[in-house]
Amino acid sequence: MRKHILIAVLIITNSVIAVNPVENFRNNKLLENANISMLVRDLKNGQTISEFRSKNSVIPASTMKLVTTATAFEILGADFRFETKLEVDGKVSLDSVLNGNIYIRGGGDPTLGSEKVGDPDFLSKWIRALRNAGIKIIKGQIIVDESIYDDEGVNPRWSWEDIGNYYAPGIYGLSFLDNTCKVVLRSGAIGSTPIILKTIPSIPEFSFNNQLKSTAIRFDSAYFYGAPHSYQRSIYGEIPANRNEFTVKSDIPNPGLLLAKTFQEKLLQNGFSISKTPTDKFDISIKRKLIFTNYSAPLREIITETNIKSNNHYAEHIFRYLGLKYSSTGTTTSSLQVIKDFWKSKGLSVDQLFMYDGSGLSPSNAVSAQFFVELLTYMNNKSINKTIFYNSLPVSGESGTLSNFLKITPLQGKVHAKSGSISRVRCYAGFINSGTKKYVFALMVNNANGTSKAVNQKMEEFLLNIAK
20 MRKHILIAVL IITNSVIAVN PVENFRNNKL LENANISMLV RDLKNGQTIS EFRSKNSVIP
80 ASTMKLVTTA TAFEILGADF RFETKLEVDG KVSLDSVLNG NIYIRGGGDP TLGSEKVGDP
140 DFLSKWIRAL RNAGIKIIKG QIIVDESIYD DEGVNPRWSW EDIGNYYAPG IYGLSFLDNT
200 CKVVLRSGAI GSTPIILKTI PSIPEFSFNN QLKSTAIRFD SAYFYGAPHS YQRSIYGEIP
260 ANRNEFTVKS DIPNPGLLLA KTFQEKLLQN GFSISKTPTD KFDISIKRKL IFTNYSAPLR
320 EIITETNIKS NNHYAEHIFR YLGLKYSSTG TTTSSLQVIK DFWKSKGLSV DQLFMYDGSG
380 LSPSNAVSAQ FFVELLTYMN NKSINKTIFY NSLPVSGESG TLSNFLKITP LQGKVHAKSG
440 SISRVRCYAG FINSGTKKYV FALMVNNANG TSKAVNQKME EFLLNIAK
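Numbered according to this note's numbering, the sequence shown spans residues 20 to 487.
For the record, the hints were derived by calculation from the structure and aren't laboratory data.
Incorrect hints may appear among the rest.
Simulated pairs of lysine to aspartate or glutamate, EDC-like, Cα-Cα distance not exceeding 16 Å [what the hints assert, rightly or not]:
no., residue 1, residue 2
1, 456, 61
2, 363, 93
3, 308, 114
4, 308, 106
5, 487, 106
6, 158, 108
7, 306, 170
8, 268, 370
9, 457, 61
10, 426, 479
11, 201, 284
12, 201, 224
13, 401, 164
14, 232, 264
15, 268, 284
16, 359, 93
17, 155, 284
18, 426, 370
19, 280, 299
20, 144, 284
21, 155, 98
22, 300, 170
23, 365, 51
24, 201, 239
25, 285, 61
26, 232, 257
27, 405, 93
28, 268, 239
29, 74, 417
30, 405, 98
31, 268, 180
32, 477, 51
33, 300, 140
What you are looking at is a predicted structure, and each value in this text was computed from that prediction instead of being measured.
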């Protein structure tokens with residue numbers, strides 16, 4: 020009799036374990052040493068569905084963009100537009116001579132010349148503005164004014180191995196071409212060093228220490244090293260052998276000055292006369308006159324690109340602009356203060372938010388699952404930007420960084436979430452909308468024993484079990 024009771028207890032216990040998604044997720048060799056923070060709540064009534072160390076702050080990687088973009092929607096508004104201003108000093112004579120300088124006053128717009136969002140022909144509007152102002156000859160210079168932000172450029176909390184690469188470009192008052200330069204190479208036989216053919220755009224100041232190798236790989240593993248504000252770059256890694264042209268990407272050390280030089284070239288091509296070279300040095304006491312304001316696309320479009328494609332460049336510029344709420348000059352410190360103060364005023368657990376950038380690239384960042392769930396719940400239940408924010412998130416199995424996540428499963432198309440992935444980090448936070456079940460969740464794993472692919476599969480299993 021006792022034996023039968025014991026067997027029955029074991030069967031019941033094993034059944035409970037088998038259907039407990041948290042235990043299923045945690046109790047495997049892949050995650051036995053991992054640092055995990057997870058929380059799932061019913062979006063309608065706030066009931067906790069699953070939880071494990073939800074107050075534990077872990078590295079979020081790109082899920083940090085949820086904090087940046089949600090804050091921007093709430094503080095700046097979905098229709099906000101960045102402004103870049105053309106200004107002049109001096110007077111314009113009757114014979115169309117500007118006896119002074121042209122200023123490009125940066126307003127933190129990350130989309131000037133961007134391949135993602137914005138107007139690719141914006142310089143034509145600038146040229147038209149000068150014509151409308153009666154200017155044909157410029158006796159001065161084109162001057163770059165990036166004083167809206169400090170001169171930090173690249174976040175000091177970023178890893179050295181990231182700095183210099185296209186996905187970690189600097190944050191400047193003036194951006195251009197996504198602050199990204201294409202380096203075109205020609206590779207020869209296996210074991211040889213590829214030849215650098217050109218950069219797009221042309222940046223003569225660049226100096227490359229080329230340590231690349233041509234190998235039998237199909238895709239490149241090339242990466243750049245380079246200090247902030249420096250035109251010296253070292254290239255390491257491998258690219259496929261025997262390619263006539265193969266492109267890798269670097270950051271641009273001084274995009275504002277490149278924009279000014281490009282603008283000057285366009286002016287000369289369109290019949291203007293200007294003899295002096297562009298500069299970023301100027302006298303702040305000289306009075307200027309506004310002749311044109313360039314507006315970016317609405318913030319809703321910029322944030323959609325930021326979240327769906329996990330665009331670090333856009334995220335960092337949105338983040339830095341938020342700092343202007345409390346300060347005349349945007350800094351990392353002022354941005355962090357604005358974000359923490361805002362969410363604290365909404366009752367969120369900001370003591371579980373350790374934020375050092377806007378994109379999630381810094382390994383110093385740490386956030387809890389609870390904070391993410393609180394933020395997402397606020398955006399769903401209280402924000403006037405609810406629908407816009409929700410639609411800015413990638414969709415499982417269908418779009419952006421979630422295009423392969425939960426694909427060909429019952430949850431394809433039913434999860435709107437932001438992913439995050441850097442070395443030894445895998446995170447997801449967002450919404451599950453499966454029939455009558457609507458959940459908000461954050462699932463965060465650091466330092467698992469296996470590959471990212473294996474961890475991803477376990478995370479998919481967990482969410483599928485939750486949604487049953």
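Here is how each hint holds up against the structure:
Restraint check for residue 456 and residue 61: the C-alpha separation of about 8 Å stays at or below 16 Å, so the hint holds. Between residue 363 and residue 93, the direct Cα distance comes to roughly 14 Å. Compliance with the 16 Å bound is thereby established for this hinted pair. Using a Cα cut-off of 16 Å, the hinted pair residue 308 and residue 114 is violated, with the two alpha carbons roughly 19 Å apart. In summary, the hint linking residue 308 to residue 106 is supported, as the alpha carbons are separated by about 5 Å, within the 16 Å threshold.
Note on residue 487 and residue 106: the hinted pairing is violated, with a Cα-Cα distance of about 60 Å set against a maximum of 16 Å. A C-alpha spacing of about 11 Å is found between residue 158 and residue 108, which places the hinted pair at or below 16 Å, so the restraint holds. Distance restraint check for residue 306 and residue 170: the Cα-Cα separation of roughly 23 Å exceeds the 16 Å cut-off, and the hinted pair is therefore not satisfied. Restraint check: the Cα-Cα separation between residue 268 and residue 370 comes to about 38 Å, which exceeds 16 Å; the hinted pair is violated.
Only pairs whose Cα atoms come within 16 Å are accepted, and residue 457 paired with residue 61 is accepted, the gap being roughly 6 Å. Distance check on the hinted pair: residue 426 and residue 479 sit about 10 Å apart at the alpha-carbon level, within 16 Å; holds. The hinted pair formed by residue 201 and residue 284 fails the criterion: a straight-line CA distance of about 20 Å is larger than 16 Å. The suggested pairing of residue 201 with residue 224 holds, with an alpha-carbon distance near 14 Å, which does not exceed 16 Å.
About 39 Å separates the Cα atoms of residue 401 and residue 164, which puts this hinted pair outside 16 Å; it is violated. In summary, the hint linking residue 232 to residue 264 is supported, as the alpha carbons are separated by about 14 Å, within the 16 Å threshold. Distance hint between residue 268 and residue 284 is unfulfilled; the C-alpha atoms sit about 24 Å from each other, more than 16 Å. Restraint check for residue 359 and residue 93: the C-alpha separation of about 13 Å stays at or below 16 Å, so the hint holds.
The suggested pairing of residue 155 with residue 284 holds, with an alpha-carbon distance near 14 Å, which does not exceed 16 Å. Between residue 426 and residue 370 the alpha-carbon distance is near 35 Å, which puts this suggested pair outside the 16 Å criterion. This hinted pair checks out: residue 280 and residue 299 have alpha carbons roughly 11 Å apart, not beyond 16 Å. This hinted pair checks out: residue 144 and residue 284 have alpha carbons roughly 15 Å apart, not beyond 16 Å.
A C-alpha spacing of about 35 Å is found between residue 155 and residue 98, which places the hinted pair above 16 Å, so the restraint is violated. Our distance criterion of 16 Å between C-alpha atoms is met by residue 300 and residue 170, whose separation comes to about 13 Å. A threshold of 16 Å between alpha carbons decides the hint, and for residue 365 with residue 51 the separation of about 36 Å lies outside it, so the pair is violated. Annotation: proposed proximity of residue 201 to residue 239 holds, straight-line Cα distance about 14 Å (limit 16 Å).
A threshold of 16 Å between alpha carbons decides the hint, and for residue 285 with residue 61 the separation of about 56 Å lies outside it, so the pair is violated. Pair hint residue 232 plus residue 257 holds up; C-alpha atoms about 5 Å apart against a cutoff of 16 Å. For the proposed pair residue 405 and residue 93, the alpha carbon gap of about 10 Å is at most 16 Å, so the pair holds. Taken as a hint, the residue 268 and residue 239 pair is honoured in the structure, with Cα atoms around 11 Å apart against an allowance of 16 Å.
For the suggested pair residue 74 and residue 417, the alpha carbons sit about 31 Å apart, so the restraint of at most 16 Å is broken. Between residue 405 and residue 98 the alpha-carbon distance is near 14 Å, which keeps this suggested pair within the 16 Å criterion. In summary, the hint linking residue 268 to residue 180 is supported, as the alpha carbons are separated by about 14 Å, within the 16 Å threshold. Taken as a hint, the residue 477 and residue 51 pair is honoured in the structure, with Cα atoms around 13 Å apart against an allowance of 16 Å.
For the hint pairing residue 300 with residue 140, the CA-to-CA distance comes to about 27 Å; that exceeds 16 Å, so the pair is violated.
In summary, the numbered hints that this structure violates are 3, 5, 7, 8, 11, 13, 15, 18, 21, 23, 25, 29, 33.
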